[in-house]
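Enquirer: Knowing the structure of chain A, use the given hints to seat chain B on it.
Okay, here's what each chain looks like letter by letter:
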Amino acid sequence: MELLTKTSFKFIEASRVSLIISSVLILVGIVSLIVHGGPGLSIDFTGGTILQVRITPAPEISQVRDALNAGGFDDFQVQDFGSPDEFLITFRKTQGGTEGIDAAEAMKNALAKNMSGSDVEMRREESVGPKIGGELKMAALNSVVAALVLIVLYITVRFIFRFGIAAIVALVHDVLITLGLFSILDKEISLSIIAAFLTIIGYSLNDTIVVFDRIRENMRLRRKESYASVVNRSINETLSRTIVTSLTTLMVAGTLFVFGGPVIHDFAFALCIGVFVGTYSSIFVASPVLVWWHGRTVNDIKRKQLAM
Amino acid sequence: MNRSLTTRAVVVIVVIAASLIGLWPTIQASRVTDEMRQTALTDTALASKIESWENRAIRKGLDLEGGMYIVLEIDTEDLTDTQARDAMDRVTEILRNRVDQFGVSEPDIKPLGHERIIVQLPGLQDVERAKTLIGSTARLEFRMVRPVEDVQSVLDKLDEAFRTTAAVRGDLGGVPDITDVGLDEIVDADDPLALDALPGQPGADAGDGSSTERPFSSLIFADASFSQMFGTPLAIDSRNASRILEMLSAPEARVIPRSMEFMLDMEDFAAGDGKTIRPLYLLDSRAGLTGDRLTGARGAPNQDRPGQFQVHFNLDRKGAHEFSKLTGENVGRQMAITLDGKVKSAPRINGKIPGGDSVITGSFTSVEANDLALLLRAGALPVDVQIVEERTVGPSLGKDSVTQGFNAALYGLVIVMLFVLILYRVVGLVVVFALSANLVIVMAVLAQFGLVLTLPGIAGIILTIGMAVDANVLINERIKEELRRGKTARAAVDSGYTNATRTIIDANVTTLIAAVILWWFGTGPIQGFAVTLTIGIFSSMFTALVMTRVIMELATRNRAHAKLSI
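Going line by line, the protein sequences match chains A and B. For the first sequence, position 158 matches number 1483 in this note's numbering, and the numbering has no gaps at all. For the second sequence, position 90 matches number 91 in this note's numbering, and the numbering has no gaps at all.
Please keep in mind that the hints were generated in silico from the structure rather than gathered at the bench. None of these values were measured; they are calculated from a predicted model. Just so it is clear, CB atoms sit at the ideal spot from N, CA and C, and this is done for glycine as well. Keep in mind that the hints are not guaranteed to be accurate.
[What the hints assert, rightly or not] Here's a subset of chain A near chain B, in silico, CB distances under 8 Å, partners left out:
(1) G1396
(2) L1523
(3) I1526
Excised from the complex, chain A in its bound form (with noise of 0.2 Å):
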């Protein structure tokens, strides 16, 4: 079976709707960051304490807040996770005299006492102090600017700066819009979630220098066309490539989301929305950056022949 074989797409020429299209996503998820005043964070990074608990036979959702209220607690979220009968208790402050630490039991004991006849099961209980949520949450921002100063730097190493520059724009993008969407859809950023950032990150680039590499062997083969040419010839060289591989790792990313089970549910869902938008900018954002700033380097030098 032959997939795309010789195609000859406009990609370059077709940026000016990329980049529409592109600007509004970001825009869209920016304007949602500033509404929600910033990136939903999870205990993680707050600090504050999460309780799975299984409580059979399944109540409403407002029982579950009815027991908590009745034992004395205020400030929490309760949300449905994976099955009608499972909850996630969420809480940030101190609650019913308790620091947030030790509340997780006295919450237990809140449900099992007012909600009589139902069995209660903690299954999952994380504690975060507030200190070590700083902590973690300077560590994160620290090892994703990391990541896109190392990445940059091998990059500009293998290929050249300019190279580092269009990628790092694509991988700014990717993360953009994946923020924006979790912000969107009121999804927090935990731990797990920056794993799945740091992934997209080393993963949205492997497109990238694909289409990069073949960028730099062309050149050299075909010196007469121009670079934007040279540019749109090899993002359709590599286009069958591109597309089988993010399709198959779209795919074990979707059964991630689909069987892996909630606890891993949003991580896969960050996944899955990365592989596609890193495929997306490799071609529609990385490759018109670098034809971009090739133009104006070349302008510039003309600009300084002509000054002479």
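Expert: Below, chain B without anything else, positioned relative to chain A:
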């Protein structure tokens, strides 16, 4: 056959064989049934076999097996660097001792930086019990309870001090918003306690501005009958506990003589109407004896009160001597037994206790008595510790995660393999082989190096399946291109691999950079992801660049002009 091809073929076979051997215990261990475990109870040969499989099988992380992950922070505020280092070592050692006695299999206790300790307890479920066990300083002290005259004078002094500050500030300053339950509430309540005022303490007229008159003691219930029950005439409404502690650490509380100290009871007692009270003690600041002198402790049933438990302890010779002196000099007084700054019980000394054997009474369950005995045996921590992070996964969730992770991996693998077969037909078989080998190698490396498999780790493996296809796709697309340019199958395979190698390495290095950073930054489960991702990247490069190449070269070796079905 050319030499290098032979060598490479041998390498490939050895790697696959070694991986299968490395994975064998894991496969065996996963096939152990409950029935076999039953048999193993009597059949020692089978038991040792199962144990050996399980020891060499892939280790499951806490998120798959269930268990607790705790990060402790030691209080290094008043310590020099050297002292802090010593404290870390000592705390780690004591914790290890405690956990060993607690009977958790394969606990992991290790320092994290200069002031934190990670404690991982696989399989443990009782969160509260484990927290007490890990987080308690376990400083045991014996202190005399001060007589009623002292209590009266200290309360008066405190009231005066707080009243003065309040007058200066023009309000109740420093202690706003006090929940004053008032004595009458408890009197009205259907409870057996008869509330008499302390001598000179107008007890029953609370709620008429007494909180301004007596800012401190109006929060306190005084009753002679408490002395009978708790060994102190004072108690507070449990809800006021943090207020009281706040006031006692306020500057005004400096009027309390240095030789005395207030301490709350460890527990609350029902006072009717759903309310609870907590006894308050005025104790000697200096401990008559501390737990350092303990040589042994054990929980046992309380003979006098059936159903209740107590903790027996023995003291060393010096301790026994001090204890006998302490009790001998204070016959008839109350002696408080305190643990980490809270009073466990305050029994009356009925006579001199020689020999250094005694008991700690109080409302213990069997488990509580045994745990306290354990803590006392393992010794007190030299510094206070605080639990700053805690993550627990229940065994049922762990099992679910294993099933879901396994299913996701299986379906992912099947879908990708079908896709590859449809796309590349015969050559697709080679890719399918490479993917399977990739999976086996990743798992074998995990098993061989004792690395921990977590749920994100499974996700990492699944992701590598998808990404491992990439290298093969790059190669095959390259070969296709070469074929289109009119090259023979043999030549196309050769130049396809040569040209794709550089791209594959470049493309994988960036993911590798991300994985290494993840390893550095992540904790527990996330590190598991970084680990499988890293192994997966290396093994997918190996399977794509070495393994499939050997197969492809063997296949096209004698058919230089044959067609290749890609």
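Enquirer: For which of the previously enumerated hints does the structure constitute a violation, in increasing order of number?
Expert: Structure breaks hint 1 only.
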